[in-house]
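In order, the protein sequence lines correspond to chains E and B. For the first sequence, counting from 1, position 307 maps to 388 in this note's numbering; every step adds exactly one. For the second sequence, counting from 1, position 316 maps to 681 in this note's numbering; every step adds exactly one.
Hint data in this document are derived by calculation from the structure and do not stem from the laboratory. One thing to keep in mind: the hints can contain errors.
Claimed, not checked - Pairs of lysine-lysine residues, derived as DSSO-like cross-links and limited to a Cα-Cα distance of at most 27 angstroms, are as follows:
(1) 395(B) to 414(B)
(2) 397(E) to 752(B)
(3) 762(B) to 397(E)
(4) 752(B) to 398(E)
(5) 421(B) to 399(E)
(6) 295(E) to 729(B)
(7) 399(E) to 762(B)
(8) 414(B) to 399(E)
(9) 839(B) to 635(B)
(10) 739(B) to 295(E)
(11) 671(B) to 295(E)
(12) 642(B) to 671(B)
(13) 762(B) to 398(E)
(14) 752(B) to 399(E)
(15) 694(B) to 295(E)
Said to hold, decoys possible - Partner residues aside, some chain E positions facing chain B, computed with beta carbon under 10 angstroms:
(16) 278
(17) 289
(18) 292
(19) 349
Note that the coordinates shown come from a computational prediction; the quantities given were computed from them, not determined experimentally. Where a beta carbon is used, it is the ideal one built from N, C-alpha and C, also for glycine.
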Amino acid sequence: MRKLLQRDSTTNKIIIPAQLTIVFIFLVIFTLSSVFVGGFLTYNNIFNLVRQTSINGVVAIGMTFVIITAGIDLSVGAVVGLSSVITSLMLVRTNNIPLSIAVGILAGTMVGLINALAIFEGNVPAFIATLGTQISTRGLVMLITRARLIAGLPERFTHFAQKTILGIPSLAIVWFLVAALGGFITRFTLFGRNIYAIGSNREASRLSGVNLRKNIYGVYIFAAFLSAIAGILLTSRMANGIPTAGAGFEQDAITAAVIGGASFYGGEGTIWGTMLGAMIMQTLRNSGTLLGIESFVLDILVGALLIIAVMLDQLKKKQE
Amino acid sequence: MTDAFLDLQGISKSFPGVQALDDVDFDLRKGEVHGLVGENGAGKSTLIKIIMGIYKNDRGKLFLEGEEIDIQRPSDAIDIGFRAIYQDVNLCRHLTVAENLLLGKLPRKGRIVNWKAIYKRAQDIIDDLSLNIDVHAQVRTLSVAQQEMVCIAKSVYEEAKIIIFDEPTALLTEDETERLFNIIRDLKEREISVIYISHRLEEIFEICDRTTILRDGKKVCTVDTDQLTEDEMISLMVGRTFEDLYIADHVSNRQDEVVLEVNDLSKKGKYKDISFKLHKGEILGISGLVGAGRSDIMKALFGAEKFDKGSISIHGKDVVISSPMAGIKNGLAYLPEDRRHEGLALGLTVSANLNMTSFQLNHKFGLVDGSNEKTITDTFIEKLDIKTPSPQQQIAKLSGGNQQKVVIGKWLAIDSDILIFDEPTIGVDVGTKREIYKLLYDLTAQGKSLIVISSYLPEVIGVSDRVMVIHEGKNMGFLDREELSEVALLRMASGLATAEEIRAQTNTGVTT
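Extracted from the complex, chain E is given alone in its bound form (with noise of 0.2 angstroms):
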């Protein structure tokens, strides 16, 4: 989907893309903290800036693939909790990495097929599906941890987050990986070009020989098998298995996804689009925080440039 050719316009006017318009955001956020934040544009700062974004943008890249179709899925960071108590449970009883690793992966991605079925078997509303198992597994995750940390997890499991590679992040290194392989599916593969179908209009890809049950499982499996991978990342970096991890980031997930571009009536949305939607927000924070500012303040002003986003988008459409 060559998002940036399709909104060529047939009058002469030159109409400036809606992903161009986040890089532009991006760039204007990024130097006005540059030049009056200070210790804004050091080397540990913007190593810590997208660190700390990386774990969520892995999960964002899964929920882009879900609003793409028109759905939401609301159970993404409980997915988080689930691999990690998992993952860290395997760990003290294994020491076994690889095999731990599988385990909560396999345990996260088990979420997805579950609102797959509810939602494409049950016709229940994604958001009603996604609520549900959302609330179910953050309480299996206090049931089996009895709401405790694990502790003890092997040191060459934890030593992995706070590795660099060639200077840069292992975390972040992880998180292009997951955006390079989801920017691959979405340009090169079927299930790429029939998730936007589908976003766009499902009867027509319906009557076009799109199978839709194949593509709806697709994106919520896939949107929990990469929350489930996040959950791990942040296991490691906490080095502790935490009961709440995970907590409240299907919110940011989701307004990565839209201030990236992607629309909740479906068929738009690109990877790299919520890439920068996660990283204004997360520059948003990290230089509000070394300005002093509250972070609740911060939620305040990223709550704000959600909704003006979305309004700027619709302003828009409606002029063409």
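Fit chain B to the known structure of chain E by using the hints.
Just chain B, lined up with the frame of chain E:
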């Protein structure tokens, strides 16, 4: 003109490429039921949309009781006392009958809604028309007929002067239709004027005092309904001119080989025992009134809807088609009637839409073949002469004709054998129509077999080798090309005659 209550003089309205109404006079008397008939595209709905303020007429004047009135917007028409009852009833489905009746002016005690008064007044309204509807019921629990009654009661309560019925019986049973007619007679006694639009001529004859016949946006005549027979009315409705849209020397490419055979296809409440054969290179036209079940049958055949019983064989082999993909793999293609909702992903590009079906078939391990995508896009933009600034143009920005070409291209891209076109020229300009007709012939010359559903009689007569007529889910028979006439098709579509009866009458020299 002194007895006219509502008087329309010289009304004209054009849309890009179409003169929808051309200098039409129309007068409605007080307390009269006035029928409005004509084929699809004759201008009936444009006329009522002008009365209801949905469209503004280009020329002409409207008078109410001799005074000129100016209707700029729907609320103007409502304020004057015009009401329209459409088949897709406009009520708040989750509210009660009583709330719907009094919406906007719920009785209150101070600032608090007075529920007792609401139900009491609603009951009075319902009783006034002797309806048997529970005012406490939620509207969504009512039948369509009852919902229409609620709309009528609301109109009467709001002291409507004119009520327009647009195909009110399309979804009603016979009993319900009779009940509706009794209410319309009641309206007459209350001196309310009624405009009644229906494709079902028997209803026009039962209920309408006078009838106005439109054809091609022009008024043919207004007559006292009992002065005409149904057949006379049909012959006044037809006989449109048509700008030489069809290729004059239609050459049939029909071969003997049967490519598709459908036996006793049935679905409860929709259609029953539909059987037909399609030959190689043939264009089989499907005619019938809207809602007769034509699209349902074809969607079932393609795998997009379920059916109860019946069998389908393609190239002599029995096939089970349970999904559109199964239909596609069996060589079928289906171009839906509703381009915007069923045909196109409007938010996506021309290229994405052209390749939507081909992607499903031409992928390697789930990877899209980019060069094939480009080939298909370029080939069909050129071949179908799709006017677009770029293959990456969002398709919503193209004209209707070009959008339709993209839908057609989507199916040509996978080289289907049997193509079902559901209203292929709806909402496209004259030039594109001609191109589409030419394309249909070209396809049959290549050995493709076509089914063309069309409500536009000249079209179905112009392009078909043979026509099957559906009336209320039943097959009324087949007419060959040389037997086709608008009168014959209309009579069959109205259930007045079967194909055999048409033939018998023609042979004994009875003219209709």
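Query - Violated hints, by number in ascending order, as checked against the structure - result: Structure breaks no hint.
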